[in-house]
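Visitor: Sequence:
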Amino acid sequence: MYTDTIILPVSDGSQMNAFIAHPETNKSLPGILLFQEAFGVNHHIKDVAQRLANEGYVVIAPELYHRTAPGFATGYDDFSVIAPHFQALTTEQLSVDILAAYHWLQNEQNVQINKIASIGFCLGGRVALLANMVAPLSAGISFYGGGMHALANRVNELHGPQLFFYGGKDQHITEAHRNEVEQALITANKDYAKVIFSYADHGFHCNERASYHPKAAKEAWALSLAFLQNNLQ
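Residue numbers for the sequence shown follow the numbering used here, beginning at 62 and rising by one.
Source of the hints: derived by calculation from the structure; they are not laboratory data.
Backbone N, C-alpha and C fix where the C-beta goes; we use that ideal spot for every residue, glycine too.
Be aware that one or more of the hints could be misleading.
Said to hold, decoys possible - The calculated DSS-like cross-link candidates involving lysine-lysine, where the alpha carbons are at most 27 Å apart (straight line), are:
1. K276 x K230
2. K279 x K230
3. K107 x K251
4. K279 x K255
5. K255 x K107
6. K276 x K107
7. K176 x K251
8. K107 x K88
To be verified - With beta-carbon atoms standing in for the labels, derived distance ranges:
9. P84 x L160: 33 to 41 Å
10. E218 x G117: 25 to 33 Å
11. A271 x N168: 23 to 31 Å
12. A287 x E243: 30 to 38 Å
13. I174 x V142: 35 to 43 Å
14. I174 x Q290: 26 to 34 Å
15. D252 x N214: 16 to 24 Å
Modelling step: build the complete structure from the supplied sequences, incorporating the hints.
Guide: Set out below in structure tokens:
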């Protein structure tokens, strides 16, 4: 497997680091935009990138805090160090960041440019949904994406089907917000799947968080791989 950190130009004049991972092969492979939790492109996100690369994907994980904290990555204990960077993000900035990473995949010779998906966790769950709107993706996957209801009025822009994972014990994402997103998808006649693990909390997929739930994580990962294969292979 090949991994590296690259620098991408963004259309607003900024520069953005991104972690990349892909198999060492000359074969043409599907691409994945991987979006970080609120804690940056940390060890867990890099691990997910490498797991996806092992499944046969070219993966890029852009650093979304590059305007306020280039290279920022932290653990899961102190949200106060994250808040200023998290709160500074705008949908407009995220949109151009998405397109910068998407264009990198488009220009890689070993990427099947018509087979690209997004996947994201926490903050990245919302960004993965947005990515499926601003780029012509084949699919998107959102793990416990906070704030997705703010994009409900734009779901008619979705290009590919979207898979949503939620934890039933998650106090960060309300049932009303989940329902708002789902109703918008139904109204817009968009393809989607929604999975709620009643026994899991927010962040259940991350084995470095106290809320990690091995059973839910294993099941969600298997479903994710099947969803990606159905839409990208």
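Visitor: Flag every earlier hint the structure violates by its number, smallest first.
Guide: Those not satisfied are hints 3, 9, 11, 12 and 14.
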